[in-house]
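Please model the entire structure based on the sequences and the hints provided.
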Amino acid sequence: MPSEKGPALNLWSGYAPPPHVNVYQTSEDEKRARVLKIIDTGRFKWRLWLVGSSGFLATSYSLFATQVIKPSLHYVYPPCGRFTSNVGIVMDQLTLLGSAIGMIGAGILADLYGRKKLYGVELAVLIIATLGVVQASEGFRLDRADGSVEYTMDIYSWLTWWRFALGIAIGAEHPLVAVITAEWVPTKSRGRMLASVFAWQPVARFLAFAVNLAALRGLGKRAGLSPDGTDDENLMKRVADQVWRLVTGIDIIPAVVAVGFRLTIPETPRYYAMIRRDLAKALSNVTKVYPDNTHQEPSTVPDASNHVGNPGGDVGTKKRTWLDSALQHVWRTRPGRHLLVVCSMWMSIDMAWYIHSMDSPSAMATHWNKSKASASTDDACPEKTSSRTDARNPDTSFYHELESNSIRYMLVTAIGQILGSVVLVIIVNRFHRKNILTFTFSILSFFFAILGIILLATPQAPSAKIAVDVISGIMHFFFNLGPKTLILIIVVEIFPTVYRGTFYGLAAASGKLGGIVIRPIIGSTGKTDKALGIRFLVAVILMIFGAFVSRLLPEVQSVQEASSSELLDEEQMSGEEEGAPRNAGMWGQFFKKLRTMRLEEIAPNPQDQSTTQ
Numbered sequence: 001m002p003s004e005k006g007p008a009l010n011l012w013s014g015y016a017p018p019p020h021v022n023v024y025q026t027s028e029d030e031k032r033a034r035v036l037k038i039i040d041t042g043r044f045k046w047r048l049w050l051v052g053s054s055g056f057l058a059t060s061y062s063l064f065a066t067q068v069i070k071p072s073l074h075y076v077y078p079p080c081g082r083f084t085s086n087v088g089i090v091m092d093q094l095t096l097l098g099s100a101i102g103m104i105g106a107g108i109l110a111d112l113y114g115r116k117k118l119y120g121v122e123l124a125v126l127i128i129a130t131l132g133v134v135q136a137s138e139g140f141r142l143d144r145a146d147g148s149v150e151y152t153m154d155i156y157s158w159l160t161w162w163r164f165a166l167g168i169a170i171g172a173e174h175p176l177v178a179v180i181t182a183e184w185v186p187t188k189s190r191g192r193m194l195a196s197v198f199a200w201q202p203v204a205r206f207l208a209f210a211v212n213l214a215a216l217r218g219l220g221k222r223a224g225l226s227p228d229g230t231d232d233e234n235l236m237k238r239v240a241d242q243v244w245r246l247v248t249g250i251d252i253i254p255a256v257v258a259v260g261f262r263l264t265i266p267e268t269p270r271y272y273a274m275i276r277r278d279l280a281k282a283l284s285n286v287t288k289v290y291p292d293n294t295h296q297e298p299s300t301v302p303d304a305s306n307h308v309g310n311p312g313g314d315v316g317t318k319k320r321t322w323l324d325s326a327l328q329h330v331w332r333t334r335p336g337r338h339l340l341v342v343c344s345m346w347m348s349i350d351m352a353w354y355i356h357s358m359d360s361p362s363a364m365a366t367h368w369n370k371s372k373a374s375a376s377t378d379d380a381c382p383e384k385t386s387s388r389t390d391a392r393n394p395d396t397s398f399y400h401e402l403e404s405n406s407i408r409y410m411l412v413t414a415i416g417q418i419l420g421s422v423v424l425v426i427i428v429n430r431f432h433r434k435n436i437l438t439f440t441f442s443i444l445s446f447f448f449a450i451l452g453i454i455l456l457a458t459p460q461a462p463s464a465k466i467a468v469d470v471i472s473g474i475m476h477f478f479f480n481l482g483p484k485t486l487i488l489i490i491v492v493e494i495f496p497t498v499y500r501g502t503f504y505g506l507a508a509a510s511g512k513l514g515g516i517v518i519r520p521i522i523g524s525t526g527k528t529d530k531a532l533g534i535r536f537l538v539a540v541i542l543m544i545f546g547a548f549v550s551r552l553l554p555e556v557q558s559v560q561e562a563s564s565s566e567l568l569d570e571e572q573m574s575g576e577e578e579g580a581p582r583n584a585g586m587w588g589q590f591f592k593k594l595r596t597m598r599l600e601e602i603a604p605n606p607q608d609q610s611t612t613q
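Be aware that the sequence shown starts at 1, since it is given in the UniProt record's numbering, and climbs by one per residue.
No wet-lab data here; the hints were simulated from the structure. No incorrect hints appear here.
The calculated lysine-lysine pairs, modelled on BS3-like cross-linking and capped at a C-alpha distance of 30 angstroms, are:
(1) Lys-288 x Lys-116
(2) Lys-117 x Lys-281
(3) Lys-37 x Lys-434
(4) Lys-530 x Lys-465
(5) Lys-221 x Lys-237
(6) Lys-281 x Lys-37
(7) Lys-116 x Lys-37
(8) Lys-188 x Lys-288
(9) Lys-116 x Lys-45
(10) Lys-434 x Lys-188
(11) Lys-188 x Lys-593
(12) Lys-117 x Lys-288
(13) Lys-37 x Lys-288
(14) Lys-188 x Lys-45
(15) Lys-281 x Lys-45
(16) Lys-281 x Lys-116
(17) Lys-117 x Lys-37
(18) Lys-188 x Lys-116
(19) Lys-45 x Lys-288
(20) Lys-117 x Lys-188
(21) Lys-434 x Lys-45
(22) Lys-117 x Lys-45
(23) Lys-37 x Lys-188
(24) Lys-188 x Lys-281
(25) Lys-593 x Lys-45
(26) Lys-434 x Lys-593
(27) Lys-593 x Lys-37
This is how it looks when you write it as C-alpha cells:
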C-alpha cells in the first residue's frame, strides 16, 4: 500500500532501488530508509575511525606479542619437564581456541542484544588477562641439598590460562569492530574505512617487534649488559625476563585509550532500525554522530516502544525463533550459502598463513641457519635453542639473537605487510573486491610454488636465502593487499544486518579452526628447510582453492552507468587523448568508476524482503 503522502520518491538518489523493494513504501519503511540515508549522506568520520582502530590495534598487538616474547620466555624458563612436552604448541592452540570462542560468542550476542553492550567488554577482559600474563610466576624457589631446584608453581600453567583468556578477548574484537564500523560509516566510505581500520594489524606486528628491540636495548644498557655475551648468564636472563614482561604489559595503554573512545559511540542505528525496529532510538543515535544531516530526519517517527522486529515475550522463545530463522537463511537461501563459501575461504587463508610463518622468530632462524635444536642431544627440550639466529657460532649471545630477530622481521616482513595494507586503502573502491581477492590468491599460489622449489633444491645457498627473504617480503605485501585484509571487509558486507555479527563470527572462527588443525602438523614435521619447502607446496593448493571459491562471492560494488554525472574522475582520464570519447574500448571499461552498494542492497534482511515483495 502506498503511504498517505502518495507515491514515495526514491530516497536513495543515484541508483534505482533493488528489485525486492516496493517503490510505494509504507510510512514506516520510508522513515527507516530516511534514517539510514542520514548515515549514507554523511562524511568520513575520524571519530569512528579512532573508535575502531584503537581497539583493533590493542588486540592485534596482544596477539602478535605472544610470538615476539616466546624466545625470551623459553630462554628464562626452559620448557623442559613442564606439564606437557611442548608448552609452546599447547599455549598457541588454546589461544586459537579462545579466539574462536570469542568470535562466535561475540557475534551471536551482538545480534541478539546489540553491538554497543559488548563494545569495550572484550577490551576489559584483554586488560585483565594482560595483567595476568605479566604477573605470571614460578612461585617460591626451593633449593634442595642435592643441588636440584623446585618451584611451588608452574609459570606455563598460568600463562596457558591467561593466554586462553586473551584469545577470547582478541576473538571477540573481530566481529564487533567490523560490524560496528560497517554499520556506522557512509556507504561510499565503507571500504576505505574498513581497510584503514584493519591496516592496524601489520602496524601492530611491527610495533611488537619494535618495542621488543627498544626494551632489549634500553633495559640492557640500564643493567650494564654487554651485547657481546661476556656477562653472567643470570644477568642476561634477568634482562630477558624484564623484556618479555614489558613487551606484553605495554599493550594495556592502547587498550585503556580504546575503552575511552568506545564510550563516545552509541549503538548503531542499523541495529535499532533493522533488528529492534525502534526508529525513534535509531534516529536519536544517528543524529548524535551526524548532526549536520538532521534536516533529513523524518517528520514523525513511531513510538519508542514499537519494536516490530523484536517483540516482547519469553527470552528463550525469541532466541529459538532467531536461531531457527538463521538456520533457515543458511540452508534455504542462496545468500545464506555464502557463509559456507567464506568459512572455507577463511580457513584456507589462515592455514596458508601459518604454513608460511616467516614472521615468526623460529621460522627465520630455521631458514637462515641449521637449527641447533635439531643437532642437539637434548631432544627433550627442542624449543630451548630454536630461536638462535646463528647456530654455527657458539659464542653468539642471546642478546644478539633477540636483536637480530627483531631487526630482520621489521626489514623482511613488516614493510611488505604495511605497504600492502596502504595500497589496499587506496584501491579498495577503485577495483572490484572480488577481482583483487582472486588476483592475490593466484599470485600467492605462484610465490608459494617458487619458495617450495627453492627450499627443496638449494636451501643452503646464500643466494637462495636472500631470494627466500625477498619473496617472503613480497608475499606479505600480497597477503595484506588481498586475503588477510580483504576477506575481513567482504564478509561484513555480504550478510543481512540481523545475522551479520553471527555469520562474521562463524567465518572468522573457521580461520582459527584452520590454525588449530595445521599447527600440530607443522610442529610434527620439523623445522628443517625441507619441511618448510614441502609445506609451501601444500599451501599452493590452498591458494588455488581460495582463488576458485572467491568467484562464488556476491558483488558488493556495481559499475556506474554512463549517464551518471560521477562517471570518471579527472585522474582516471589522464591517460586518454583530449577529445577521446569516454568509456571507449578496453581502457574505458577498465576505468569505469565503481559504486559501493548499500548493505541493505547487498543483503536485505529476510523479513524486509518477505514483506516488501
